[in-house]
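There are 2 protein chains.
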Amino acid sequence: MIPKGFRAAAVEAQMRYKNRLDLGLVVADEFQAAAGVFTQNVCQAAPVTWSKNRIAGGRAILVNAGQANAQTGRGAGGRCLQSAKAVADRLGLSADQILLASTGIIGQALNIEALVEAVPALVKKLSPEGFGDFAQAILTTDTVPKTAEMAIPFESGPEAWIWGAAKGSGMIAPNMATMLGFILTDVAVDPKLLRSILSQTAENTFNRITVDGDTSTNDSLFIIASGAARSQPIAGGPEADAFKKSLHKVLDSLSRQIVRDGEGATRIVEIKVQGARTKEEALLAARAVAQSPLVKTAFFGCDANWGRILAALGRSGADFEPYRVDIDIDDLAWIRHGLIFGREMDAAAAMKKREYCLTINLNNGPGQDRMLTCDFSYDYVKINGSYRS
Amino acid sequence: MIPKGFRAAAVEAQMRYKNRLDLGLVVADEFQAAAGVFTQNVCQAAPVTWSKNRIAGGRAILVNAGQANAQTGRGAGGRCLQSAKAVADRLGLSADQILLASTGIIGQALNIEALVEAVPALVKKLSPEGFGDFAQAILTTDTVPKTAEMAIPFESGPEAWIWGAAKGSGMIAPNMATMLGFILTDVAVDPKLLRSILSQTAENTFNRITVDGDTSTNDSLFIIASGAARSQPIAGGPEADAFKKSLHKVLDSLSRQIVRDGEGATRIVEIKVQGARTKEEALLAARAVAQSPLVKTAFFGCDANWGRILAALGRSGADFEPYRVDIDIDDLAWIRHGLIFGREMDAAAAMKKREYCLTINLNNGPGQDRMLTCDFSYDYVKINGSYRS
Numbered sequence: 241m242i243p244k245g246f247r248a249a250a251v252e253a254q255m256r257y258k259n260r261l262d263l264g265l266v267v268a269d270e271f272q273a274a275a276g277v278f279t280q281n282v283c284q285a286a287p288v289t290w291s292k293n294r295i296a297g298g299r300a301i302l303v304n305a306g307q308a309n310a311q312t313g314r315g316a317g318g319r320c321l322q323s324a325k326a327v328a329d330r331l332g333l334s335a336d337q338i339l340l341a342s343t344g345i346i347g348q349a350l351n352i353e354a355l356v357e358a359v360p361a362l363v364k365k366l367s368p369e370g371f372g373d374f375a376q377a378i379l380t381t382d383t384v385p386k387t388a389e390m391a392i393p394f395e396s397g398p399e400a401w402i403w404g405a406a407k408g409s410g411m412i413a414p415n416m417a418t419m420l421g422f423i424l425t426d427v428a429v430d431p432k433l434l435r436s437i438l439s440q441t442a443e444n445t446f447n448r449i450t451v452d453g454d455t456s457t458n459d460s461l462f463i464i465a466s467g468a469a470r471s472q473p474i475a476g477g478p479e480a481d482a483f484k485k486s487l488h489k490v491l492d493s494l495s496r497q498i499v500r501d502g503e504g505a506t507r508i509v510e511i512k513v514q515g516a517r518t519k520e521e522a523l524l525a526a527r528a529v530a531q532s533p534l535v536k537t538a539f540f541g542c543d544a545n546w547g548r549i550l551a552a553l554g555r556s557g558a559d560f561e562p563y564r565v566d567i568d569i570d571d572l573a574w575i576r577h578g579l580i581f582g583r584e585m586d587a588a589a590a591m592k593k594r595e596y597c598l599t600i601n602l603n604n605g606p607g608q609d610r611m612l613t614c615d616f617s618y619d620y621v622k623i624n625g626s627y628r629s
Numbered sequence: 241m242i243p244k245g246f247r248a249a250a251v252e253a254q255m256r257y258k259n260r261l262d263l264g265l266v267v268a269d270e271f272q273a274a275a276g277v278f279t280q281n282v283c284q285a286a287p288v289t290w291s292k293n294r295i296a297g298g299r300a301i302l303v304n305a306g307q308a309n310a311q312t313g314r315g316a317g318g319r320c321l322q323s324a325k326a327v328a329d330r331l332g333l334s335a336d337q338i339l340l341a342s343t344g345i346i347g348q349a350l351n352i353e354a355l356v357e358a359v360p361a362l363v364k365k366l367s368p369e370g371f372g373d374f375a376q377a378i379l380t381t382d383t384v385p386k387t388a389e390m391a392i393p394f395e396s397g398p399e400a401w402i403w404g405a406a407k408g409s410g411m412i413a414p415n416m417a418t419m420l421g422f423i424l425t426d427v428a429v430d431p432k433l434l435r436s437i438l439s440q441t442a443e444n445t446f447n448r449i450t451v452d453g454d455t456s457t458n459d460s461l462f463i464i465a466s467g468a469a470r471s472q473p474i475a476g477g478p479e480a481d482a483f484k485k486s487l488h489k490v491l492d493s494l495s496r497q498i499v500r501d502g503e504g505a506t507r508i509v510e511i512k513v514q515g516a517r518t519k520e521e522a523l524l525a526a527r528a529v530a531q532s533p534l535v536k537t538a539f540f541g542c543d544a545n546w547g548r549i550l551a552a553l554g555r556s557g558a559d560f561e562p563y564r565v566d567i568d569i570d571d572l573a574w575i576r577h578g579l580i581f582g583r584e585m586d587a588a589a590a591m592k593k594r595e596y597c598l599t600i601n602l603n604n605g606p607g608q609d610r611m612l613t614c615d616f617s618y619d620y621v622k623i624n625g626s627y628r629s
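Residue numbers (our numbering), protein chains in the order written: chain F, 241 to 629; chain C, 241 to 629.
It is worth saying that the hints were derived from the structure and are not from the lab.
Do not rely on the hints blindly, as some may be mistaken.
If chains are identical, the list can't say which one is meant, so a pair holds when it fits in one copy or spans any two.
Said to hold, decoys possible - With a Cα cut of at most 25 Å, we get these calculated SDA-like pairs of lysine to any residue: (1) Lys292 with Pro562; (2) Lys489 with Gly476; (3) Lys432 with Asp571; (4) Lys489 with Arg247; (5) Lys519 with Gly557; (6) Lys593 with Asp559; (7) Lys512 with Arg496; (8) Lys512 with Ser334; (9) Lys292 with Asp559; (10) Lys519 with Asn604; (11) Lys592 with Ile345; (12) Lys489 with Ala361; (13) Lys519 with Gln280; (14) Lys292 with Glu561; (15) Lys593 with Tyr618; (16) Lys592 with Tyr618; (17) Lys432 with Glu584; (18) Lys292 with Leu579; (19) Lys592 with Gln348; (20) Lys258 with Met585; (21) Lys325 with Ala361; (22) Lys485 with Pro431; (23) Lys519 with Leu261; (24) Lys258 with Glu584; (25) Lys292 with His577.
Bound-form chain F, shown alone (with noise of 0.2 Å):
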């Protein structure tokens, strides 16, 4: 169910790819909050710099596929004026309550000129059955869209929804590196305390996932609260709890739609680390298995290869002794003190579902981490040897 207070559309701009709508824009026609997170990267796109410095009035949101609009100069802050101004005249907003977002090739000049033109049709179109242009219009190498929602579970008053759409596939990785990430709720939210909720909650979502290890320039995830379904804002207490829960849910279902969606991906892994000797040494085991090529190459040819893993969590940083480690694939008890148990066979089995859980203990404390990865295979390669041909 799409929250109340907003509309969306979609239109085919030509900026870059031809016949394919690549032009999105989502409008909060009653506005009560809004937030972000945005990429750590040095090289930030054109497009994160203005909406990080527009985020707590940003009600509309315009998001293009196909041109990354990152080092293309020092006209690139223009070109996200004339983007705003052109949606906002038209909105009857001031350009600093538009959001920017892009997507695709770093370094080519944006098609200002095709957005422009597009922009009239676009908010033409805006309505409440345009989420899933919206949802399709944001892709570039993805195979399909990411959408996900949720009512919030509240104890009383009427029902409340959290919408979510998202971009994903390749240059995924930790540290806000993780994609384009658009989610709506209708319940109001004091913004000192949405602002702090989703970035708690993309900690432990879109920052636990990885492709390739790669981050992007772009890499932006927002939130709109409209308050047209509950106009008293969620200030503490057990409301909150039930928003962030439900938050949580929308991300973390987004968040695994980009991974099984990661760029030639044929499985999908959960690194699970626990038993480090603390929080940071089990993320960093699990970072550096879940982004190790030759584990995930293993991972795709199914080898259940354990001493691969060993050597990653051995370089990772986290401190452990060897032969202690213990490994499940699921429920399959792998490798036990270090050293392999039970039989290869069962091991390589498991290894052919689409998706499972690798679950190591360093047996060396309390701390636990995780991250979501998939495999490298022959499709990874030619997607990313020609991505632009």
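We have chain F already, so just place chain C on it with the hints.
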């Protein structure tokens, strides 16, 4: 020219591979000093632990290919002793004078029976002509043997040589995550000086190459000095400089051969970073580019996708201003002030060369460093998706 005072041999021990040389031995009939550098992986193979503790007195090196003797349980140390003793007894040495190195599958018990059984024939075959066989026996997924030699250009005195053989390919990454390297010389060098020269030289050669960012459990680099050509130990001064320069050339040649033979590699790219705030940040930047799967697949596709390079630099941890970055491909000015300069087709053409150099200037300080890397190809995935089948 093989340095004086050494003999080598290799045999088919049938430990895991069938009908190929898989067990090699080098002996210093005259011995003056030895030194080594070893993997920093927490999961350290038994032969690494063995050799680390005996390196200073090591006058023979026994190497097997196919089984890493890593994560093979408490018995692994005992099997090291058995192998060393089998060789020592035949050579009239003590087991503590035998250095050990293994490469191959992690977690597979060492076939000690086959090894011990092969030792008599191995020792019998020792000869000054055995070094070609030795270089062959230490390979796994390598496609060619890797050797290098240099005459040390001393001002005076009899000629002296440095010879080396290496085993590399997959699992090559910085932090002494290199491979196996065996260096022989017939000069005499003060043992303390030999250690420091070896580690400095390794840091600037073997620790500056990467194939897939992974770090092995077995990586070891040994040097043995026989003193057979010059028995007066080098203690410093111009002779030490001449020796160090020659050793650097040998290790540099071996490390380049390793990257050239990287699993599935079709292109070799040197990443030179200049103008970083510090040398440390230059290395962070070079490593991020050299290990980025998106960059490496672009190398494979000869895709002049400079945005991926900027994105990798931007997440490297190095501090810089995106619009001050310059990048050259060999002598082609490709990126200036963070923007494309000249024609992209020229860059694409330059990337078709089998070997080229990317010079990245961050224009933010005096720091510089470099990494040597290769591309990610279909064959990389193929080889590593089924290494053991």
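Outcome of the hint check:
Taking the shortest alpha-carbon separations for Lys292 and Pro562, only the inter-copy value of 18 Å comes in at or below 25 Å, while the best intra-copy value is 44 Å. For a Cα distance limit of 25 Å, the shortest separation of Lys489 from Gly476 inside one copy, 19 Å, qualifies, whereas the shortest one across copies, 66 Å, does not. Within a single copy, Lys432 and Asp571 get their C-alpha atoms no closer than 42 Å, and across copies no closer than 52 Å, so neither meets the 25 Å cut-off. Taking the shortest alpha-carbon separations for Lys489 and Arg247, only the intra-copy value of 23 Å comes in at or below 25 Å, while the best inter-copy value is 66 Å.
Proximity of Lys519 and Gly557 under a CA criterion of 25 Å is satisfied in both settings, with 13 Å inside one chain copy and 22 Å between copies. In this homomeric assembly, Lys593 and Asp559 never come within 25 Å of each other (Cα to Cα): the closest approach is 31 Å inside a single copy and 42 Å across copies. In the homo-oligomer, the alpha carbons of Lys512 and Arg496 lie at most 25 Å apart inside one protomer (15 Å), although the nearest pairing across protomers, at 37 Å, exceeds that limit. Taking the shortest alpha-carbon separations for Lys512 and Ser334, neither the intra-copy value of 46 Å nor the inter-copy value of 46 Å comes in at or below 25 Å.
For the identical chains of this complex, Lys292 and Asp559 are inter-copy neighbours only, at 20 Å across copies versus 38 Å inside a copy, given an alpha-carbon limit of 25 Å. Taking the shortest alpha-carbon separations for Lys519 and Asn604, only the intra-copy value of 12 Å comes in at or below 25 Å, while the best inter-copy value is 35 Å. Taking the shortest Cα distances, Lys592 and Ile345 sit within 25 Å of each other only across copies (21 Å), while inside one copy they are farther apart (34 Å). In this assembly of identical chains, Lys489 and Ala361 lie within 25 Å of each other by CA distance neither inside one copy nor across copies; the values are 34 Å within and 66 Å between.
Taking the shortest alpha-carbon separations for Lys519 and Gln280, both the intra-copy value of 21 Å and the inter-copy value of 22 Å come in at or below 25 Å. In this assembly of identical chains, the alpha carbons of Lys292 and Glu561 lie at most 25 Å apart only when taken from different copies (18 Å versus 44 Å within one copy). Taking the shortest Cα distances, Lys593 and Tyr618 sit within 25 Å of each other both inside one copy (18 Å) and across copies (23 Å). Taking the shortest Cα distances, Lys592 and Tyr618 sit within 25 Å of each other both inside one copy (17 Å) and across copies (21 Å).
For a Cα distance limit of 25 Å, the shortest separation of Lys432 from Glu584 qualifies neither inside one copy, at 52 Å, nor across copies, at 46 Å. Taking the shortest Cα distances, Lys292 and Leu579 sit within 25 Å of each other only across copies (23 Å), while inside one copy they are farther apart (49 Å). For the identical chains of this complex, Lys592 and Gln348 are inter-copy neighbours only, at 22 Å across copies versus 41 Å inside a copy, given an alpha-carbon limit of 25 Å. In this assembly of identical chains, Lys258 and Met585 lie within 25 Å of each other by CA distance solely across copies; the values are 23 Å between and 48 Å within a copy.
Within a single copy, Lys325 and Ala361 get their C-alpha atoms as close as 15 Å, which meets the 25 Å cut-off; across copies the closest is 83 Å, which misses it. Within a single copy, Lys485 and Pro431 get their C-alpha atoms as close as 17 Å, which meets the 25 Å cut-off; across copies the closest is 63 Å, which misses it. For a Cα distance limit of 25 Å, the shortest separation of Lys519 from Leu261 qualifies neither inside one copy, at 42 Å, nor across copies, at 46 Å. Within a single copy, Lys258 and Glu584 get their C-alpha atoms only as close as 50 Å, which misses the 25 Å cut-off; across copies the closest is 22 Å, which meets it.
For the identical chains of this complex, Lys292 and His577 are inter-copy neighbours only, at 24 Å across copies versus 48 Å inside a copy, given an alpha-carbon limit of 25 Å.
Checked against the numbered hints listed earlier, the structure breaks hints 3, 6, 8, 12, 17, 23; every other hint is satisfied.
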